[in-house]
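There are 2 protein chains.
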Amino acid sequence: MDDRKLTSEESIIQGYLAPLAAGHAGALGLKDDCAVVAPSAGCEFVLKTDAIAESVHFFSDDRPADIGWKALAVNVSDLAAKGARPVGYLMSLSFPAAPTRQWMADFAAGLGEAQSAFGMHLLGGDTDRRPGPISITPTVIGEVETGRAVRRTTARAGDVAYVSGTIGDARLGLMLRQRPELAVRWGLAPHDAEVLTARFLRPAPRLALVAALRSSARAAMDVSDGLAKDLDRMCRASAVAATIDAVRLPLSPAFRIVRERDPDAASAALFAGDDYEILAAVPPDAAGAFEAAAVSSGLLVTAVGRFREHVRDEAAVVLRDENGSEAPLAPIGWDHF
Amino acid sequence: MDDRKLTSEESIIQGYLAPLAAGHAGALGLKDDCAVVAPSAGCEFVLKTDAIAESVHFFSDDRPADIGWKALAVNVSDLAAKGARPVGYLMSLSFPAAPTRQWMADFAAGLGEAQSAFGMHLLGGDTDRRPGPISITPTVIGEVETGRAVRRTTARAGDVAYVSGTIGDARLGLMLRQRPELAVRWGLAPHDAEVLTARFLRPAPRLALVAALRSSARAAMDVSDGLAKDLDRMCRASAVAATIDAVRLPLSPAFRIVRERDPDAASAALFAGDDYEILAAVPPDAAGAFEAAAVSSGLLVTAVGRFREHVRDEAAVVLRDENGSEAPLAPIGWDHF
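Taken in order, these protein sequences are the chains called L and Y.
In case it helps, my numbering puts the first sequence at residues 2 to 338.
In case it helps, my numbering puts the second sequence at residues 2 to 338.
The hints are simulated quantities; they were obtained by calculation from the structure and are not laboratory data.
Keep in mind that a hint or two might mislead.
If chains are identical, the list can't say which one is meant, so a pair holds when it fits in one copy or spans any two.
[Said to hold, decoys possible] List of simulated lysine to any residue pairs, SDA-like, C-alpha gap at most 25 Å: (1) Lys6 x Pro132; (2) Lys6 x Pro134; (3) Lys32 x Ala316; (4) Lys32 x Ala240; (5) Lys6 x Ser56; (6) Lys32 x Glu315; (7) Lys32 x Arg157.
Kindly produce the complete structure, drawing on both the sequences and the hints.
Have a look at this one:
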């Protein structure tokens, strides 16, 4: 455990960050002020920035490797939803106090795992010291064939609403991270508790779905603030409405176990956010191809409902229960403010 | 004065930020999760991110318009040094408390002035609330003809060291911002005091020099942390040394007035940083063309010294005084850590 402090930006860059940039010539070895990059022939860039901060998006005692992974993963999740392949990222780091060598080594290791898994490299950034929480602000760069980025604003009435993976797990994972004793109360096997916690700590951007989204989806976005809220956003951006079937919402085995024992916790978790799944609007005649492509990529996708015409003054999103009763689904979920 | 609070990210984005994105189709009206952009034909992108934070890079009672201007300007300064034209930017904003409508309107106005002056548009970003100082983290995108970005690492022995504009003013401006009464002690006319303060509050990226840098400079970087420190960095990155003539350092009339009255203040300010000038290495046979191009663009450039072979174990940067005596110039200046 090397708890010596890193007291210069240069020692952080050259000791821990430059190795993350070694695989991309455009990073200029982090020895210049800027990065130089161009999309592949016939492609354009897709850009996104989303910050994560200590005590807001992660805990002070989270493993630094998990923090590094998460910082990149939550941004790459957006690239995946746009049908883009990751290329690289810049990263602005701010520390209230000089980090230790051990912290920085672990953090860089987590970033390294993430960038290897996602197929991208560090291209540049800045590091400074200022009061407040540790903050990590990546700007990620992906690429997509020109004109083929999948938008949020283009869902149409009649499209099938698909969700990848399962929802609600990450919030249960957060509850377990805060109160590990809940695993016993919820009757979870250690493995199930680990799976849920990992969904909070190590979100997995659905890059395997990129090709299927590009070929079959009319619109898509990532589900980061909860399905209710993000579906509401897609509906408003596309000027449509949607009806979702509660019984079709994709739930993991572990989530179902918790729901049996503690329905209130499950209910609070379901639309709470941090899922990093993908919500897609797929035309009905492309649904078969979309599901087939998802299956062949190893990812579960579930048709959870339909987009429809929006009726003025009515809720954008309606949830239909197992009896067929419909009720407006409020855009609850994570709010940054 | 509208001091109602802005309590949702959506109201900030659609009320104040979306208008800044209106001029670039790739921003998708800030209604999507990502921006979509490609460099012009034959060009590549130059990318940079540098955060500014309250109480570190600006004061809590600075005008929000100045803060917005500065956030963009300090990043665009790097693009200019690389010979790149600004295209757009993403921006991550973090507030410890909801900003007022007035603050946000003024801040957006400053950003708007800056992006108009620099020729770029807002393309995306995120806004959240977290403890700590107000932080603004732009990631700027510029473009340059493929392969023509001007590097920091390519200065050669024999090249002339040029500096644009004048140095040291911004730090005197910072001192005046903190202690306005210094203007009297320094014998400054109100106009001179304003000029110095403006150099701290509203740095002007040297975009007028972009064409001259691309056609004549072998290496360049912006002078943000002080000439001594940044020249040392360029020397190390290029594996050369440099000798600078003290009498040639470009000083403004206001700086000279202060130096007469308060040599210690002037001496402390000279290499303290925040200049946002450009340091360039120009081959001797291109020096005439470089100066001519700078003059025709309306910018002062001054040959302050020469790059030379680096002798092992000797200082990278040497300062020669008016008597011809040489002494190592320590890489003093602004340190982020």
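*Where does the structure disagree with the numbered hints, that is, which hint numbers, in rising order?*
none
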